[in-house]
Amino acid sequence: MFKHLVSELKETLICLKAGQVTLGYPFVPHSPEGEFRGLVRLDMEKCIGCGACANACPPRLITLEDTDGYRRLDFNLTRCTYCARCRDVCPQQAITLTGQFETATPDLSDLHIVIQLKLIHCRRCGKVVGTRRAALRVKNELAQKLEIDPDEIEWLNLCLDCKRLTALERPGLSKEVSV
Amino acid sequence: MTNRILNWCFKKSIWVYHVNTGSCNGCDIEILDVLSPYYDVERFGIRLVHTPRHADALLVAGPVTRQVRERVLRLYDAVPDPKLVIGVGSCTSGGGIWHDSYATCGGLGNVLPVNIYIPGCPPRPEAILYGVAQALGIVPKQVEAQAYIEE
Numbered sequence: 056m057f058k059h060l061v062s063e064l065k066e067t068l069i070c071l072k073a074g075q076v077t078l079g080y081p082f083v084p085h086s087p088e089g090e091f092r093g094l095v096r097l098d099m100e101k102c103i104g105c106g107a108c109a110n111a112c113p114p115r116l117i118t119l120e121d122t123d124g125y126r127r128l129d130f131n132l133t134r135c136t137y138c139a140r141c142r143d144v145c146p147q148q149a150i151t152l153t154g155q156f157e158t159a160t161p162d163l164s165d166l167h168i169v170i171q172l173k174l175i176h177c178r179r180c181g182k183v184v185g186t187r188r189a190a191l192r193v194k195n196e197l198a199q200k201l202e203i204d205p206d207e208i209e210w211l212n213l214c215l216d217c218k219r220l221t222a223l224e225r226p227g228l229s230k231e232v233s234v
Numbered sequence: 079m080t081n082r083i084l085n086w087c088f089k090k091s092i093w094v095y096h097v098n099t100g101s102c103n104g105c106d107i108e109i110l111d112v113l114s115p116y117y118d119v120e121r122f123g124i125r126l127v128h129t130p131r132h133a134d135a136l137l138v139a140g141p142v143t144r145q146v147r148e149r150v151l152r153l154y155d156a157v158p159d160p161k162l163v164i165g166v167g168s169c170t171s172g173g174g175i176w177h178d179s180y181a182t183c184g185g186l187g188n189v190l191p192v193n194i195y196i197p198g199c200p201p202r203p204e205a206i207l208y209g210v211a212q213a214l215g216i217v218p219k220q221v222e223a224q225a226y227i228e229e
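Just so you know, the protein sequences line up as chains A and B, in that order.
Take any residue in the first sequence, count from 1 to its spot, add 55: that is its number in our numbering.
Take any residue in the second sequence, count from 1 to its spot, add 78: that is its number in our numbering.
Certain hints may be false.
Facing chain A, according to a computed beta carbon distance under 7 Å, are these residues of chain B, among others [unchecked claim]: (1) D118; (2) H128; (3) P130; (4) R149; (5) S171; (6) G173; (7) I175; (8) S179; (9) I196; (10) C199; (11) R202; (12) A211; (13) P218; (14) E228.
Derived coverage of chain B by chain A (criterion: at least 3 residues anywhere in the stretch with Cβ under 8 Å from a Cβ of chain A; other residues may be distant) [said to hold, decoys possible]: (15) 109–117; (16) 181–195.
Derived from the structure by calculation, the hints contain no laboratory data.
The beta-carbon is built from N, C-alpha and C at its ideal position, and this holds for glycine as well.
Turn these sequences into a full structure, and let the hints guide you.
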């Protein structure tokens, strides 16, 4: 009996010491700690529409569509698992995962990010080569590596097949082959 | 008018019935977290009940598998009007990584009329709290669709 009383008194002391543990969250703002991965944010100016994120996404929520001279990337974030693989593969570092977790919505169309980027077409056959921004990036990087003027590179607006054909038709090459 | 009636009905406290429709238990654990003293939703009058007949809201987690679809519909019928349906987790809102599987219905929206979706994999306990508060009309919505067209 006495033992029981003592243990209860001890418990009371512990409870008094602990104080209040409940978070004041809805009334006090709360920011997640550490490397919390929240809602995806896409930097529209940086994105080149290469589609690396669409390739890496496990729930396949990023769809790519080439229509009317535009490439349309649709991020359907309703089924996002916040794995951040899109962020890891993005060559432009255009995708960041913000700390925002208050994403509740009655309408699922609120969780869409749509970006439309201009396409360039092959100058020989008219097939889609890629987006203008991607071509620009390749152009600049090549020019930097080869130390030439970026305007000298004229192969960028050719599709893969036409590049081969054009290479075959070059007079210098045919000479080499005939010898 | 119906909105006003709904607001009046849910002014005090809502009792929720927790439904698992094939979720991986991640969301369920977060829901249990919300009920713990640390987050303590009972201060808002929200509490878990053991039967849908006592509930005001269904708290649904999971992508709604084909097997559980009929049971969810029966649960929905068992909840007295007016009722709220709250979808917790990415599976419930968009089907998650099982969105194109033959074994799931690809999200709760294809089965029941949902009042509010709380995406997250799993959503933080705070996010669930925020979602429920938003369903009750206490706090505003924070997300909106974004669109961009290159000039």
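Hint check:
Satisfaction of the interface hint for B:D118 is found here, the shortest Cβ-Cβ separation to chain A being roughly 5 Å, below the 7 Å cut-off. For B:H128, the interface hint is violated, since its Cβ never comes within 7 Å of a Cβ in chain A; the closest pair sits about 24 Å apart. Among the interface hints, the one on B:P130 is violated; its C-beta lies about 22 Å from the nearest C-beta in chain A, farther than the 7 Å criterion. Taking 7 Å as the C-beta cut-off, the interface hint given for B:R149 is violated, the closest approach to chain A being about 23 Å.
With a cut of 7 Å, the hint placing B:S171 at the interface with chain A holds, because the nearest CB-to-CB distance is about 4 Å. For the restraint placing B:G173 at the interface with chain A, the shortest Cβ-Cβ distance is roughly 5 Å, inside the 7 Å limit, so the hint holds. Annotation: B:I175 was flagged as interfacial toward chain A, and the flag holds, the nearest CB pair being 4 Å apart, inside 7 Å. For B:S179, the shortest C-beta to C-beta distance to chain A is roughly 11 Å, which exceeds 7 Å, and the interface hint is violated.
Hint status for B:I196: holds, given a least beta-carbon distance of 5 Å to chain A, under 7 Å. Of the supplied interface hints, the one on B:C199 holds, with its beta-carbon coming within about 4 Å of a beta-carbon of chain A, less than 7 Å. Given the 7 Å rule on beta carbons, the hint for B:R202 holds: about 5 Å separates it from the nearest Cβ of chain A. Residue-level restraint check for B:A211 holds (minimum Cβ-Cβ distance to chain A is 6 Å; threshold 7 Å).
For the restraint placing B:P218 at the interface with chain A, the shortest Cβ-Cβ distance is roughly 10 Å, beyond the 7 Å limit, so the hint is violated. For B:E228, the interface hint holds, the least distance from its beta-carbon to any beta-carbon of chain A being 5 Å, beneath 7 Å. Figure legend: the region 109–117 of chain B, annotated as covered by chain A; annotation consistent (3 residues with Cβ-Cβ distances under 8 Å, at least 3 required). Proximity of the region 181–195 of chain B to chain A, defined as three or more residues with a beta carbon under 8 Å from a beta carbon of that chain, is established by the 6 residues found.
When each numbered hint is compared with the structure, violations occur for hints 2, 3, 4, 8, 13.
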